[in-house]
Amino acid sequence: MGILNKLDTHIEQFESGNIIITSADKLLNWGRLSSMWQMFFGLACCAIEMMATSASHYDLDRFGIIPRPSPRHIDIILISGTVTLKMATRIKRLWEQMPEPKYCLSMGSCANCGGPYWEHGYHVLKGVDRIIPVDVYVPGCPPRPEALLEGLLKLQEKIRNQSLARKTN
Amino acid sequence: MDIKEIYNILKLAFEEGIGEPVTDKPVDPYMIIDAKNINAVCLFLRDEERLQFDYLNCLSGVDYDKDNLAVVYHLSSFALNHKLVLKTVVPKTDPNVPTVSDVWAAADWHEREAYDLIGVIFENHPDLRRILCPEDWEGHSLRKDYKVPEFYNGMKVPY
Amino acid sequence: MAEIRTEDMVLNMGPQHPSTHGVLRLQLTLEGEIVIDVKPYIGYLHRCFEKHTEAMTYPQVIPYADRMDYVNAMSNELSYVIAVEKLMGIEVPERVEYIRVIMSELQRLASHLLAIGTYGNDAGAFTPFLYCMATRERVLELFEITCGARLLYNYFWVGGLSHDIPVNFQKKVKEFVEFFKPKVSELNNLLSFNKIFIERTANIGILPADYAINAGAAGPVLRGSGIKFDLRKNDPYSIYPKFDFDIPVGQGLKGTVGDNWDRYMVRIHEMEESIKIIEQAIDNIPEGDVQSQIPKRVKPPVGEVYARTETPKGELGYYIISDGSLNPYRVKARSPSFCNLSLIRALSKGYMIADVVMTLGSLDIVLGCIDR
Numbered sequence: 001m002g003i004l005n006k007l008d009t010h011i012e013q014f015e016s017g018n019i020i021i022t023s024a025d026k027l028l029n030w031g032r033l034s035s036m037w038q039m040f041f042g043l044a045c046c047a048i049e050m051m052a053t054s055a056s057h058y059d060l061d062r063f064g065i066i067p068r069p070s071p072r073h074i075d076i077i078l079i080s081g082t083v084t085l086k087m088a089t090r091i092k093r094l095w096e097q098m099p100e101p102k103y104c105l106s107m108g109s110c111a112n113c114g115g116p117y118w119e120h121g122y123h124v125l126k127g128v129d130r131i132i133p134v135d136v137y138v139p140g141c142p143p144r145p146e147a148l149l150e151g152l153l154k155l156q157e158k159i160r161n162q163s164l165a166r167k168t169n
Numbered sequence: 001m002d003i004k005e006i007y008n009i010l011k012l013a014f015e016e017g018i019g020e021p022v023t024d025k026p027v028d029p030y031m032i033i034d035a036k037n038i039n040a041v042c043l044f045l046r047d048e049e050r051l052q053f054d055y056l057n058c059l060s061g062v063d064y065d066k067d068n069l070a071v072v073y074h075l076s077s078f079a080l081n082h083k084l085v086l087k088t089v090v091p092k093t094d095p096n097v098p099t100v101s102d103v104w105a106a107a108d109w110h111e112r113e114a115y116d117l118i119g120v121i122f123e124n125h126p127d128l129r130r131i132l133c134p135e136d137w138e139g140h141s142l143r144k145d146y147k148v149p150e151f152y153n154g155m156k157v158p159y
Numbered sequence: 001m002a003e004i005r006t007e008d009m010v011l012n013m014g015p016q017h018p019s020t021h022g023v024l025r026l027q028l029t030l031e032g033e034i035v036i037d038v039k040p041y042i043g044y045l046h047r048c049f050e051k052h053t054e055a056m057t058y059p060q061v062i063p064y065a066d067r068m069d070y071v072n073a074m075s076n077e078l079s080y081v082i083a084v085e086k087l088m089g090i091e092v093p094e095r096v097e098y099i100r101v102i103m104s105e106l107q108r109l110a111s112h113l114l115a116i117g118t119y120g121n122d123a124g125a126f127t128p129f130l131y132c133m134a135t136r137e138r139v140l141e142l143f144e145i146t147c148g149a150r151l152l153y154n155y156f157w158v159g160g161l162s163h164d165i166p167v168n169f170q171k172k173v174k175e176f177v178e179f180f181k182p183k184v185s186e187l188n189n190l191l192s193f194n195k196i197f198i199e200r201t202a203n204i205g206i207l208p209a210d211y212a213i214n215a216g217a218a219g220p221v222l223r224g225s226g227i228k229f230d231l232r233k234n235d236p237y238s239i240y241p242k243f244d245f246d247i248p249v250g251q252g253l254k255g256t257v258g259d260n261w262d263r264y265m266v267r268i269h270e271m272e273e274s275i276k277i278i279e280q281a282i283d284n285i286p287e288g289d290v291q292s293q294i295p296k297r298v299k300p301p302v303g304e305v306y307a308r309t310e311t312p313k314g315e316l317g318y319y320i321i322s323d324g325s326l327n328p329y330r331v332k333a334r335s336p337s338f339c340n341l342s343l344i345r346a347l348s349k350g351y352m353i354a355d356v357v358m359t360l361g362s363l364d365i366v367l368g369c370i371d372r
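The listed protein sequences derive, respectively, from chains A, B and C. Take the first sequence: its position 73, counting from 1, is numbered 73 in our numbering, and each next residue is one higher. Take the second sequence: its position 70, counting from 1, is numbered 70 in our numbering, and each next residue is one higher. Take the third sequence: its position 227, counting from 1, is numbered 227 in our numbering, and each next residue is one higher.
Chain A on its own, in the form it takes in the complex:
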């Protein structure tokens, strides 16, 4: 029962029959964190690393992360690259279209804080957290695929410890 190991410790399994007892939160969280659908959406250089991560070599699919083109289908948005002022309002709108519960992963220095464009970038938003809330920041310019995977695992960890009933962060 390998799948059951992924659930946390509070599982009770009866000897006879296929009955498992666990808390609703644990079960829901397990389901949510194993199928984080991601937005098919790239902004800049980091998008290329994001594509490399979802392609065969690093294979994001094994974490249940599949790109979807519509914001209404997705759980996480990867802000992969520089957010410009012209783009910022569009990103905000995409974020607002996503159904709850939703998460945001800011990938790369540009999305974190403006990156190399922090000083003279008159048209660059200095960090996507100025317009939408960010759950995980992944540093790097651009982050390696391994770093992105680590960031996604951190996000899984965050989801695992959440409770939908109380909605704590």
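It is worth saying that the hints were derived from the structure and are not from the lab. Quantities reported herein were computed from a predicted structural model and do not represent experimental measurements. Note that the Cβ used here is the ideal one computed from N, Cα and C, for glycine as well. This list has only true hints and no planted wrong ones.
In the EDC-like style, the derived pairs of lysine to aspartate or glutamate whose C-alpha atoms are separated by at most 20 Å in a straight line are: (1) B:K25 x C:E91; (2) B:K144 x C:E54; (3) B:K83 x C:D210; (4) B:K25 x C:D323; (5) C:K39 x B:D127; (6) B:K147 x A:E119; (7) A:K92 x B:D136; (8) B:K92 x B:E123.
Among the chain B residues that face chain A by a calculated CB cut under 10 Å, a handful are: (9) C133; (10) P134; (11) V148; (12) Y152; (13) P158.
Got chain A sorted already, so can you dock chains B and C onto it with the hints?
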């Protein structure tokens, strides 16, 4: 064909408005053309049998000095494999330059970019709008005296 | 009978759209399925490259040049350092030139692989994308052992390189070349001669040669229209004249000269030519110091230069004005994608909506390069 010969051909075809080639500075020599002539000169350069400048490599707007803006044209020819650099200098108070987008279609977007970032106004351009910055952006960002705005649409711009 | 009043439909595509290759927005005016006008809106990735260059010293600009066209960073650097070297009159050691050529050609492979992979993806074929990315990963490995970075390298410096190549580099490149050779025919079997793919690309988005020149098309887009023009041959830079390679052009094998399939096929053939160049160069790298010609202070004389090179996307030119100080007075990048994208309007009129996606993919644009 080098710039001296091109200059002589142009000098014969146009009475005035063709500046002497500047060749003493590294690396590329250039000619300064009067703004009011630029469209006619470009059309001539493209269609003249001996020149055939059929390709516009690059069109750049430049904040030239304290009072002037410049537009720089990098031309080359597929047929004859030679190159030419033209400049036209206009005052900041009246930055009007005739468009060359009817000569080379490539100039269309380049001119919009020069308008957006430097503020050169291209007369008779079919669609002179901002291209890179948003349409409600204020100022021309590649001017040397450009000040970054504090806020844009409620978003703080400086770090 | 009274005439039925119809209204054109305006459809917005992007800036978030999986097939726009980045943050591009196209405003399509439609009559049923037929596109009657396309209005591209760009600037969603305008990162103020040109403003940055004016505040940076000459070597500091190189990382920003990397980030312009992020899928072929090496070629961007090459173009910029050649421009500065021309301005300063620096002669680069031959070892550096060889390494630069090998790196640029490897980068061409990586860039074309990405272009072809995503183009397949645009047509609905996901498998070629995975194959291309797996192959591209091998190229990135070579870059990584050389300079430590996968995507943005800062490897070419004015007058030299940041590192010498590692000891086993030549062996690894040869292994890669052997690995890569069968991949082209594999890709051809998988995608190029696929009946569905040909139906989607041939006879669509036809670009006539005279318009291509007038509109400033560059690179595979220009060559797809049958014009044999490549800066590596026609306006040679670095040590390209030493190598023997062909310039593939579109021939209209499956449709008309200058259609999407031709542009696509030029890229496939260019990969074979790049492999040829790498094979010729890899055994002849002379010994030497790659940093001997790097100036202590990069301070070019007053003057201006326009240097152009052939990147995978086409002619990339840097126009640099120097006022004799440590910072450039003005740097303008003539990006190939910028000029190629401006063709989209002429190429899509009269075709179906789905064909707009295919035409856009065949232009192989990178928004970082367009918006700068």
